[in-house]
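Novice: Quick mapping for you: the protein sequence lines, in order, are chains A and B. Quick note, the first sequence lines up with residues -3 to 311 if you use the numbering used here. Quick note, the second sequence lines up with residues -3 to 311 if you use the numbering used here.
Bear in mind the hints are in silico, worked out from the structure with no lab data behind them. Quantities reported herein were computed from a predicted structural model and do not represent experimental measurements. We put the beta carbon where it would ideally sit given N, CA and C, even for glycine. Careful, some of the hints might be misleading.
[Stated by the list, open to error] In silico DSS-like cross-links for lysine-lysine, where the CA-CA straight-line distance does not exceed 30 Å:
no., chain 1, residue 1, chain 2, residue 2
1, B, 266, A, 269
2, A, 266, B, 274
3, A, 151, B, 266
4, A, 274, B, 274
5, B, 6, A, 274
6, B, 274, A, 151
7, A, 269, B, 269
[Claimed, not checked] The following label-pair restraints were derived from C-beta to C-beta distances:
no., chain 1, residue 1, chain 2, residue 2, range
8, A, 240, B, 269, 29 to 39 Å
9, B, 98, A, 178, 37 to 47 Å
10, A, 20, B, 205, 21 to 31 Å
11, A, 229, B, 235, 56 to 66 Å
12, B, 37, A, 1, 48 to 58 Å
13, A, 224, B, 16, 47 to 57 Å
14, B, 20, A, 20, 36 to 46 Å
15, A, 7, B, 189, 48 to 58 Å
16, A, 133, B, 289, 19 to 29 Å
17, B, 289, A, 201, 38 to 48 Å
18, A, 133, B, 151, 37 to 47 Å
19, A, 211, B, 268, 34 to 44 Å
Here is what each chain is made of, one letter per residue.
Number of protein chains: 2
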Amino acid sequence: MKLAESILKKDRRALARLITLVENDSKEAIEALRILHSHTGNAHIIGITGPPGGGKSTVVDRLAKELRSRNKTVGIVAVDPTSPFTGGALLGDRIRMSELSTDKDVFIRSMGTRGALGGVARATADVVKLLDAFGKDMILIETVGTGQAEVDVVKIAHTTIIITMPGLGDDIQTIKAGIMEIGDIFVVNKADREGTDRRVMELEAMLELGQMSSSWKPPVLKTIARDGEGIIELLDAAESHYKWLKDSGLLSERGVERSRDELFQIIGEKIEKAVVDKVDRQEMDDLSRRIANREIDPYTAANELLARIGLEEKK
Amino acid sequence: MKLAESILKKDRRALARLITLVENDSKEAIEALRILHSHTGNAHIIGITGPPGGGKSTVVDRLAKELRSRNKTVGIVAVDPTSPFTGGALLGDRIRMSELSTDKDVFIRSMGTRGALGGVARATADVVKLLDAFGKDMILIETVGTGQAEVDVVKIAHTTIIITMPGLGDDIQTIKAGIMEIGDIFVVNKADREGTDRRVMELEAMLELGQMSSSWKPPVLKTIARDGEGIIELLDAAESHYKWLKDSGLLSERGVERSRDELFQIIGEKIEKAVVDKVDRQEMDDLSRRIANREIDPYTAANELLARIGLEEKK
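This is chain A alone, in the form it adopts within the complex (with noise of 0.2 Å):
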């Protein structure tokens, strides 16, 4: 399979194609992805996120650069799960414009929802697999918000950072609701801002209201990301993390509970897809018109379904 060969001998507009194939669900992404399974488990990937205008994009700019400096390889993958269309090329815009953009080490994607039909979330797995098997040694997610597809795609990292900032009004509670429990590093960024202790003990006492057994204890770390201040620090404790995970053998099993997921989905998809092929279109449109007619209840038409193709119910 040459696409993946290519992806092995880091050709990187092999991967930049690849990535568009897996975007677009293609059965050619699905074989190099076969292939390359093998090849990944390598990279360190980390999720960025956290509320709108908290200066994530600036945080992974800067952690990149000092990925570089560390003599690491860097993959971005910047997700726009709220935006069908632009949002996710404009993120990127944003990203590409910086000076990262010339350095070879450095593989910037940006990806919105459009053409993933698994979900950006599972896109964005398989974007990061890519990556991973092409050799990068940490691999950044940047989502844009807080919502249950941001917190679905950073699921994907091994280490969770979530960036706030003073003073942004109730984000507290949104990050409470959704991604609090999500979070292994807590960053006020913006940190020459007013309000950025109390944003700190904020964060620090309801990590200690919902703490966990783990023995990981969230730190909660200032930045400013603009001058660069507090990124060495950012770093060190992602790395710290990731130890940790190795150590506590968390690692290993979390992988274990990723892939069983992983396996879950591709049955889905493939069953989805034998149903779809084995049911006539007609029958189809007929029952469709049948339910909405009131004739027949869903339920009892998709028994009629299963049991065409073999799959009837047991009482």
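Model the placement of chain B on the given structure of chain A, informed by the hints.
Specialist: Coordinates of chain B only, in the frame set by chain A:
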């Protein structure tokens, strides 16, 4: 089936209990939904969404009161897809405090994501069905924000109202990104504030740009929901939209589409259950571990499992 019968006899406690069963994905709930299906299709379902802070709850409250003064019965479903924990309940509590709660012809329910295995949109659709079968004339679905989950929830509705307000910063961008396409009626609430006319013009300009070939032109209305201003016009617009859906044949066309989606979803869930039942747990664990260890790729593993249950992939 007793619960289903009680619903048809307008037993409110049976309704509340059945909704809980739906949220818990119980078998009893499916059996009731199956029976009740033929009694649905009479309610006008309205989705209400928009950026936080726009006053959606107040609009919903006022709409419900106006409906009551027109002698219509009302169901309200407040959905918070961002909060697996308390958000949904909080939202509901806020509404429950209003005077509506003492009116036995208004049924109010709040939902979080908890317990909704098929996703919050799926659970909401089932709850709306129950309210429909119960005999509610109009069902208002209120969501907290404008994420993908909210969009999915609102897609259940016949008529979608997008609520915004003057001076909400860049929320116009948020609307542009995700939900502009699904709005049938746009509302600028808090219309006594500065910037109202500008916001109305922005919305109208955007609607002009995105104009589809539909004969329905989404109106942009002003309300001051706190004082009840503009609510009559808003409800009239919603009813005009429903009439337009009926007259144009779109109501039944979309009903068929929704039935098809539902059928697919039920089939998917049933097959997933069948797979989980048929596959040995130990085998699943072993395969997941081998995938995580990069001994086998997930696609090959999926094929092995599918072959075992007689759903081999055709080459």
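Novice: Which numbered hints does this structure break?
Specialist: 5
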